[in-house]
Amino acid sequence: MFRNVAELVMLAEQQQVKIAEIMIRQEIEVTGLTREEIISKMDNNLTVMENALERGLKGVKSQTGLTGGDAVLLQKYIQSGKALSGNLLLDAVSKAVATNEVNAAMGVICATPTAGSAGVVPGTLFAVKEKLNPTRLEMIEFLFTAAAFGFVVANNATVSGAAGGCQAEVGSAAGMAAASIVEMAGGTPQQAAEAMAITLKNMLGLVCDPVAGLVEVPCVKRNAMGASNAMTAADMALAGITSRIPCDEVIGAMYAIGQSMPSSLRETAEGGLAATPTGRRLEAEIFGQPKDKLKDYLVLQ
Amino acid sequence: MKYRSAFDIIGPVMIGPSSSHTAGAARIGRVARTLFERQPKKVVISFYGSFAKTYKGHGTDLAIVAGLLDFDTFDERIPNSLTIAEELGMEVIFQTEEAVPDHPNTVKINIYDDKNEMEVVGISIGGGTIEITEINSFKLKLSGDPAILVMHQDRFGIISCVTAVLSKYEINIGHMEVARKEKGEMAIMVIEVDQKIEDDVIEELRGLSYVSRVIRMVE
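The listed protein sequences correspond, in order, to chains W and P. So in my numbering, the last spot in the first sequence is 301, and the numbers never skip. So in my numbering, the last spot in the second sequence is 219, and the numbers never skip.
Same shape as in the complex, but just chain P (with noise of 0.2 Å):
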C-alpha cells in the first residue's frame, strides 16, 4: 500500500496550492537535500509531465528549492526560497524536459558542491506524498512499507554487518536490494522491514565501517 496512516491523507500541513506540486515538491527536494548531507553549491532541476506543463504557476520551483533548503512543507518562507538561495550562495537552473515520464509528476534533481554530486528522481503520486524512484540512476523500488536505504563501500561483508544489526533488533526484512556503481566503489543497499526502525538502529547502522550515510526512506 502507497498510503499507511491517516495523515497521508488528513495533511500534509503546507503552504498552498497544491499538496503534489508544492508540499510533494517541497518533501522531494527535502530528501534530496537529506541524502546530500548539506547545502549544495548548484542544483540543476529538472521537470517532466505535468510538472514542466505547470510549476510556475503551482510554485513547484519555489517548493522543490525550498526543501532544498531544508525547509518543511509549512515553512512560510517557501514562497521566498529563490531570494533566499541566492543569499544562501545556492545556484538554481530550472529545465524542462519534453520526455514522457511514467509518473505525470515527475522531477530530477542534479546535486553539485566542490566535493560531491549526486542524480535524485522523485515523483509526487498525489496528497503530498512522494516516491523517490531513482538516485545516482540506481533504480529503487519501494513498496510503502518502512525502508532505509545505506550507502557503502562495496566491500565484501558489509550485507552482513548490516543486516546482524537489524537480527539483534528483531527487525524482519521483507525485501532487500544491492546495486553498485563499479566494483569496489559506492554501493547502495535498499531495504525494505515489517515495523518502523527506531533512531538508536540507525545510529548503530551509522557507526558500522565503511558504511556512509544511512537514511530513512519511509517511515
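Chain W extracted, bound-state conformation (with noise of 0.2 Å):
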C-alpha cells in the first residue's frame, strides 16, 4: 500500500504503469474485487457525475435561492465567443459549478472527495474530454488518478472542511483533478505530482465560511475557481515547470495550516463570509429567525 505521493509516483515508474493502475491494483488487494467488478464500480460513479453535469447545465435552482443557472450563464457567454480566458477553461469551469449547484439543490452527485467539492474532478475531466477525446475506460482512469492523489491527502492530512478548512476540500479536490489531467494529457507521474502541488500550493490557507451553514456561498464559486486552478496547474507541470516544495510537504503545509485554524473557520458559520453583514442577513432570512449570532450584526448596524 502506498503511504505518500513519492511512493506512489516511485511504483508507478518502477512498474511502468498510470498512477491510476497502481490505484486500481491497490484496490483489487485491498477489497478482493475483482478488476471488473472496481471498473464497473467506477463506471457507474462517472455515470453520476455525468447525469449531474448535465442536469446542472441545464439549469437548476436551490431551495434557498442562494444559487443556480450561473452554469446556464457561462455556456452561454463562452457560445457568444466573447470568452477572454479561453473556451477549454470557461467550460470546466461551467461544469464544476453546474455539478456544485445540482449538490446545493440536494440532487444525487458522486463525492470527489467531498460533496462541498465534487464540481472539481467531474468538471475538468468532462471538460478536457472534448479536447483529448479519452476512451470510456480512460475516462475512468482519470477517476483513479484522482482517487490515488486523494487517498494520499486523506491518510496523512484531511478532506474534511470541518477539520482543515476549504483548502482541504477544494484544495485537494483540485490537486486531484490537476494531476488526473496531466496524466490523462499523457504526462508522466512525477509531472501529476507537480501539478498536485503546484495547484495545492495556491489554495493552502483557504477557509471554510459557508453562509448560513449552507453549501452553496461560496462553495459553488470555490469550485469554479478550484476547476480553473487545477487546468493552470496541470498546464505548468505539462510544459515542464516543477514544485521547489515537494507534493508530500505541501499535504503537510496543507495539514498543519487546517490543524492552526481557529473553528469560527472551520464549518461552523461562525467566521468569514458567513459573519459578513450579507451574510448573516442571509442566514436570518433563510432560517427565518434571527440566531443570537445575529445580534453582533445588529450592533453593528
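Just so you know, the hints here were simulated from the structure itself, not pulled from any lab data. Some clues are possibly wrong.
As the list claims (entries may be wrong) - Below, simulated BS3-like cross-link-like pairs (lysine-lysine); rule was C-alpha separation at most 30 Å, straight line:
1) K196(P) / K61(W)
2) K196(P) / K41(W)
3) K221(W) / K56(P)
4) K76(W) / K129(W)
5) K2(P) / K41(W)
6) K18(W) / K139(P)
7) K58(W) / K56(P)
8) K18(W) / K196(P)
Stated by the list, open to error - Here are a few chain P residues that sit away from chain W, every Cβ distance over 12 Å (derived from the structure):
9) I15
10) R38
11) D70
12) I84
13) M90
14) G127
15) T133
16) T163
17) V165
18) N172
19) E204
Fair warning: this is a prediction, and the values are worked out from it, not measured in the lab. Glycine is no exception: its CB is placed at the ideal position from the N, C-alpha and C atoms.
From these two lone chains plus the hints, build me the complex, please.
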C-alpha cells in the first residue's frame, strides 16, 4: 500500500504503468473484488457525475435560491465567442459549477473527495474530454488517478472542511484533478505529482466559511476557481515546471495550516464570509428567525 | 489508515449538499439502525461541534433520520425523511450540545423502543467516511482494518467460541477488545482482522449460543 505521493510515483515508475493502474491494483488487493467489478463500480460513479453535470447545465435552483443558474450563464457566454480566458478553461469552470449547483439543490452527486468539492474533478474531466477524446476506460482511469492522490491526502492530512478548512476540500479536489489531467494528457507520474503540488500550494489557507452553514455561498464559486486552478497547474506541469516544495510536504503544510485554523473558519458558519453583514442577513432570512449570532450584526448596524 | 479504498475518495454517490454533514450523517444513522436491528420508536439526536452549528444548512438532521429509517446516502427520500418518520410513528428529538468534542463532526444518537434502548456516538471524518466511537458508553477504537462487533451475554467461554470460528476460516485477529457493563449482563467484543470477513463467517458467529448480534463495523 502506498503511503505518500513519493511512493505512489515510485511504484508507477518502477512498474511502468499509470498512477491509475497502481490505484486499481491496490483496490483489488484491499477489497478482494475483481478488476472488472472495480472498473464497473467506478463506471457507475462516472455516470452519476455525467448525469449531475448535465442536469446542472440545464439550470437548477437550490431551495434557498442562493445558488443555481450560473453554469447556464457561463455556457451562453462561451457560445457568444467573447470569452477572454479560453473556452476549454471556462467549460471546465462551468461544468464544475453545474455539478455543485446540483449538489446545493440536494440532487444526486458523487463526492470527489467531498460533496462540497464535488464539482472540480468531473468539471475538469468533462472539459478536457472535448480536447483529448479519451475512451470510456481512460475517463474511468482519470477518476482512479484522482482517487490515488486523494487517498494520500485523506490518510496523511484531511479532506474535511470542519477539520482543515476549504483548502482540505476544494484544495484537495483541485490537486487531484490537476494530477489526473496531466496523466490523461500523457504526462509522467512525476509531472502529475508536480501539478498536484502546484495546485494545492495555491489553495493553502483557504477557509471554510459557508453562509448560513449552507454548501452554497461561497462553495459553488470556490469549485469554479478550484477547476481553473487545476487546469492552469496541469498546463504548467506539462510545460515542464516543477514545484520547489515536494508534493508530500505541501500536503503536510496543508494539514498543519488546517490544524492551526480557528474553529470559526472550519465549517461552523461563525467567521469569514458567513459573518459578514450580508452573510448574517441571508442567514436570518433563510432560517426565518434571527439566531443569537445575529446580535453582533444588529449592534454593528 | 482511515481510508482504505479508492471509493472512499471517489464516492459515495449521494444526495447533496455535504459528504460529511449529509452522507456521513446518513451513514451514522444507518449504522445505529443496524445496531438496533429494527425501526426505533423514539430517537434523541444530539449534535456537537460543527454539526451543532450548521446541521440545518447541511440537512444533517434529515440525513441522520433517513439513516435511522434505513435509507442509503443516495436515497431521494432523504429530503422528506422527517415527514416519513412521522408517518411511521418514529418520534424524533434534536438537541445541540455546547461541549467541545474530540472531533468537530460528532453526533450522539439515543434510540428507544418498548423493549430496548441504545446509545451510539459517531463521527464523520470527511468525504462521507465515518467512525463509530461509542456504543452504550463502550468506547471503540477502530483503526480502519476490517472489524466486527459481537454483542453477547457476559459468560465464560464465549470469547474462545468466537475466536475458534475465526481460526477455522484462517482469519487472523489484529486487535481485539472486550468490555461489559455489569458481570453476567451484556458484553461487547470488537475484533479487527486482516482480511474481509465473508457472510458465511458472520452467519456462523450469529449461530453461536449466547451471542445476540454480530455486526460488520468496517468492511
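For each hint, the structure was consulted:
1. K196(P) / K61(W): 43 Å, violated
2. K196(P) / K41(W): Holds, because 18 Å separates the two Cα atoms, which is no more than 30 Å.
3. K221(W) / K56(P): 21 Å, holds
4. K76(W) / K129(W): This hinted pair holds, its Cα atoms lying about 20 Å apart.
5. K2(P) / K41(W): 21 Å, holds
6. K18(W) / K139(P): Violated: K18(W) and K139(P) sit about 42 Å apart, past 30 Å.
7. K58(W) / K56(P): Holds, at roughly 27 Å.
8. K18(W) / K196(P): 27 Å, holds
9. I15: Violated: least Cβ distance 6 Å, not greater than 12 Å.
10. R38: Check passes; 28 Å lies beyond 12 Å.
11. D70: At about 18 Å from chain W, D70(P) clears the 12 Å cut-off, so the statement holds.
12. I84: With a cut-off of 12 Å, I84(P) remains clear of chain W, as the shortest Cβ separation is near 15 Å.
13. M90: 21 Å, holds
14. G127: Violated, since 4 Å does not exceed 12 Å.
15. T133: Non-interface label stands for T133(P): nearest chain W Cβ at 15 Å, farther than 12 Å.
16. T163: 22 Å, holds
17. V165: 19 Å, holds
18. N172: 15 Å, holds
19. E204: With a cut-off of 12 Å, E204(P) remains clear of chain W, as the shortest Cβ separation is near 19 Å.
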